[in-house]
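Chains as they are written, first to last, in the working numbering: chain A, 1 to 291; chain B, 1001 to 1411.
These are computed hints drawn from the structure, not numbers from a lab. All of these numbers come straight from a predicted model, not from anything done at the bench. Don't be surprised by glycine CBs; every beta carbon is placed ideally from N, CA and C. There's no promise every hint is true.
As the list claims (entries may be wrong) - Here are the in silico distance ranges between beta carbons for each label pair:
| no. | chain 1 | residue 1 | chain 2 | residue 2 | range |
| --- | --- | --- | --- | --- | --- |
| 1 | B | A1371 | A | R193 | 22 to 32 Å |
| 2 | B | E1351 | A | W276 | 14 to 24 Å |
| 3 | A | L102 | B | R1249 | 41 to 51 Å |
What the hints assert, rightly or not - Calculated from the model, a selection of chain B residues having no Cβ within reach of chain A, i.e. all distances over 10 Å:
| no. | residue |
| --- | --- |
| 4 | L1021 |
| 5 | I1198 |
| 6 | L1202 |
| 7 | P1204 |
| 8 | A1235 |
| 9 | K1242 |
| 10 | F1373 |
| 11 | A1391 |
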Amino acid sequence: MRTNAETAVALASHYLDVDQPQRALDVLDGIDGPDLDDAYLWALRTQALVDLKQFAQAAATARNGLSVDAESITVLDLLAIAEAELGELEAAETAILQALELEPEHPVLLCRYALLLARGGELGKATRVCAEAERIDPDDEAVIRCRIALAYVRGDNKAAARESRRLLAELDPDDPVGHTMLGVQAASRGSFRSASRHFDTAARYDLGDEQAVDLARRGRIHTHPLFWPILPFERFGPAASWLGAVAIMGLLAATGQDLLFAIFAGTYVLLCIYSWVVPPLARRWLSRERW
Amino acid sequence: MSDKLDGLRTAVEVSPENHALRLVLAEALEQAGEAQEALDHFEVLLGDDKLPPESLVAAGLLAVDDRRIDLARRFLDAAERAGVSEHLGELRIAIDRALEEEGSVLFLRQGGPDENEPWSPVRAEETISFTDVGGLADVKKAIHRTIILPFQRPELYEKYGRRAGGGILLYGPPGVGKTMLARATAGECGLPFLNVRIEEILDPYFGISERNLHEAFEHARLTAPCVVFLDELDAIAYTRRKQQGNVGRPLVDQLLQELDSIGSDNTGLLVLAATNAPWDVDEGLKRPGRFDRMVFVPPPDEPARERILEIHLGANSSGVDRELLARKTALFSGADLRALVERAIDAVIDEALDAGGEPPLTTAHLERALAGFQPSTLEWLQTARNYVEFANHGGRYDDVAAYIRSQPRRR
C-alpha cells in the first residue's frame, strides 16, 4: 500500500523534474517521523534548495542526509555544489572527493571536481580531471559542458565556441549555455547581430532567468541603428581604431591629400564625439524599465 | 449458429486443453447471447492464464452485465496486471456502479500496483457562480463568450459548424482566483465540475500516472456533459523540451491523447486548465483543438480588491476605509490581500496583549501592515514582461502586454 510519504516523494521528484523546486519543497515539508530516515528524501530536499539557490540551507540539509546515509553520492554531489556556491571550496572539494572515493569512474563527479579545481585556480589539474571524465564517457553532457567551461576560463573563446557548437548539435539545439558561449564569441569578433541572435535564443529558453534576459537586451541594444556608426570601434577596439585612424591621417598628410585629410579627420572627430555621447544616452533610452 | 455452437462444445469436451478452441467457443457464445456459459469458459481460460489481454475487459464487462461482480473483478485485476489500458476505466466504473446498486461500498481505482489500496475516483465538486467571484468583468465576459455561450446556445454554434467543448487555459499570477473562476464557469454552465489534481494522478510506479489520467478522463466522459479542470497544468504537462528526466513525457503524451480523444468521444467535455506558467506548458497542448484558447486572469482590479478586503475583514470591516486600501493595493492578489489582513490582525492582537482590552482593527493598522509589503504578482509580471518582449509568438501574450502597459510605472 502506498504511504503518504511515497506519494509526497513521487510528487516532489516530479516537481523537481519540471523545474518547480518550491512546490517540491512544500510537499517534502509534510513528511516527518520515521520516513525521514530515507536518504533519497534528503537528496530531493537538498536538490530543491539548491535549485532555489538557498545554498546555506542546502548544505545543512545535505549534512542531515549524510547522517542517514554517509555514502549517498547524490547528496555528496549536492553538498559539493552548495558549498562551492557558498565560496567554501575546500568543503566542496572534500565532499566531491568523498563521492569519488565511492564512484571513481563517475564522469559527472569528475567534471564537478574539475570545475571546482578550475575555480580554485588549478587549471592544469582541472583539465586533466576533465580529460579523465572524457576518457570514461566522451559523449556525456557533463563532459561537454565541463570542456566549455574550462575553455572559457582559459580565455580560449574559439575552443569554447567549438564545444558549444558540439553541445547544440549533439544534445540540445536550444541549450542556453551553448548559445550564450557562441554569443560571447560572436561579440568578441564584433559580430553583434549574430551575438544578439544567440543571446536571444539563450534567453528564450528560460525568460525567468534575469541574467540571460539582461544579456539578450544588451545584445539587442547593440544592434540598434544608433550603434551602427560606432561598430568599427566595437569590432577592432578603441586603441586599434585610434592607431588605424592616425596612420591613415599620417599617410594622407604625407602624400599631400589635404582635402581628404581634412574630411577624414573631421569625420573621425565627429565619430569620436558620437561614440562618447550617444551610446550611454541610447542605452538609457532603449533599456528604460517599466517595473 | 446452434449447430456451430454444438460442434464447438463437443470439440472442447473432447479437447479441454485446447485453449484457442475454448476461446472461440466463449466468443461465439457471447455473440449468441449465452452470457453465462460464455463466462464459464472465459473463467476457465482466466484460471489457466490463457485469456488474451485484449479479451479481458470485454469479458469483465460481460461479467458485470451478468451480475457476476467477483468474476468481473478478477478480469479487471488480470487486465491491470497485463497492462491493458483501453476501456479499463469503463470496466472499473461499471463494477463500481454495479456494487453501488447492490449497496456495497468500495473503491476500485488503485494508486499503485498494490491491489488493496483504495483510490477514490475523481468526484464532482461543488460549483459556484460568477457573482461569487469579485471583479474581473473583462475576464468573465471573455469566458462567457468563449465557453458558456456555446453550451447555453449550442444550436447557434451548430448552425455555423462550431462545436461546443474544447480546451481553455486560464493563466495568470498565483493567487488571483483562476481555480475559483473555473469552478464558477462550471456553475454558470450548470455542469458538474471534476477537478483533476496532480497529486491524484502522479504515481511512482511506471505507467500508473498515465493510467490514472486516462481513467480520470474516462470517468469524465461517462459524466459528460461536464467540466474537467486540470490545475497546475504546467506541472502535469511541462514542456517536453525542458524536462530533466523522461518520467513526465509519457504523461504529456497521454494528456495529448485524451484531448485528441483518440479511441474515445469527448463530446460534451469542456476541459479547463489553469497555470501560473503558460510558457512552461508543452507547445503541443497549445495547438488548435487542445488548449487553443488562453484567457489571462489578471490580479484583481480596484472594485474586486475592495470586495475581497470586505470578505477577509469580515466582522472587522466596519472601521476600515476599504476604498482607500483598495486604491493602495494595486497588483495585490487575493492571497496577498488575505496575508495583509492577517498581518494587520496580528498587530491588533499584539496591541491587545500589550495594553489589554480589545482594540478594534483600523485603517491605520492595515496601512502599517502595507508598508514594505510587495505584491507577490510583481515577480510573475516581471517574467511575463520578458515573455511579451522575447516570445510573444502570434500575439499569445497580448493581453498581458496590454495589462502591463495599463499599469503605472513602478520604481
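Hints, one by one, checked against the model:
1. A1371/B / R193/A: 22 to 32 Å: 47 Å, violated
2. E1351/B / W276/A: 14 to 24 Å: For E1351/B and W276/A the Cβ distance comes to about 59 Å; the hint is violated.
3. L102/A / R1249/B: 41 to 51 Å: Given about 31 Å between the Cβ atoms, the range is violated.
4. L1021: At roughly 41 Å from the nearest Cβ of chain A, L1021/B sits farther out than 10 Å, so the non-interface label holds.
5. I1198: Its Cβ does come within 10 Å of chain A, the nearest being 7 Å, so this is violated.
6. L1202: 5 Å, violated
7. P1204: 4 Å, violated
8. A1235: 6 Å, violated
9. K1242: 7 Å, violated
10. F1373: Per Cβ check, F1373/B is outside 10 Å of chain A; nearest 17 Å; holds.
11. A1391: 5 Å, violated
Comparing the model with each numbered hint stated earlier shows that hints 1, 2, 3, 5, 6, 7, 8, 9, 11 do not hold.
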